[in-house]
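K.L.:
Sequence:
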Amino acid sequence: MIYRSSVGDLDLSKITRLYPAVVVDLNGEVAEMSLEWAELYGEKVKLKSYILVFDFTPVHEEKKNRTILEFKTKDELMSAMQEVSQFFQN
Numbered sequence: 001m002i003y004r005s006s007v008g009d010l011d012l013s014k015i016t017r018l019y020p021a022v023v024v025d026l027n028g029e030v031a032e033m034s035l036e037w038a039e040l041y042g043e044k045v046k047l048k049s050y051i052l053v054f055d056f057t058p059v060h061e062e063k064k065n066r067t068i069l070e071f072k073t074k075d076e077l078m079s080a081m082q083e084v085s086q087f088f089q090n
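In terms of this note's numbering, the sequence shown opens at residue 1 and continues consecutively.
It should be emphasised that the hints constitute simulated quantities derived from the structure, not laboratory data.
Heads up, a few of these hints could be off.
[Claimed, not checked] In silico PhoX-like links for lysine-lysine, alpha-carbon gap of 25 Å or less: (1) K63 - K74; (2) K48 - K14; (3) K14 - K44; (4) K74 - K44; (5) K14 - K64; (6) K63 - K46; (7) K72 - K44; (8) K46 - K14; (9) K64 - K44.
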């Protein structure tokens, strides 16, 4: 299951976690937060981007192996999520 993304080909069969998030700036601190968190508290922080995180890190491994796709809008993120979900429908 190869997903051809803007940053290269991603082997979806090796994913351990796949999740959307937002990147926010809170008083100079940049952090990843959940979409739900952004909906609740988004007006209190500066929203920098939406991201889709492809985590390939094996369970119990400390060294992270992640690929992140970055989007300007929530609609772009949702569109990418729909594309990726098609690979898991079969």
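K.L.:
Hints first: check each against the structure and report whether it holds.
P.N.:
Here is what the structure says about each hint:
1. Simply put, K63 and K74 have alpha-carbon atoms about 29 Å apart, too far for the 25 Å limit, and the pair is violated.
2. With a CA separation close to 28 Å, the supplied pair K48 and K14 exceeds the 25 Å bound.
3. As the CA atoms of K14 and K44 are separated by approximately 36 Å, the hinted pair breaks the 25 Å bound.
4. Distance check on the hinted pair: K74 and K44 sit about 18 Å apart at the alpha-carbon level, within 25 Å; holds.
5. Proposed proximity of K14 and K64 is supported: the alpha carbons are some 14 Å apart, at most 25 Å.
6. Straight-line distance between C-alpha atoms of K63 and K46 comes to about 29 Å, which puts the hinted pair past the 25 Å bound.
7. Annotation: proposed proximity of K72 to K44 holds, straight-line Cα distance about 19 Å (limit 25 Å).
8. Among the hinted pairs, K46 with K14 is inconsistent with the structure: their alpha-carbon atoms are about 33 Å apart, more than 25 Å.
9. Of the pairs offered as hints, the one joining K64 and K44 is violated, with about 29 Å between alpha carbons and a cut-off of 25 Å exceeded.
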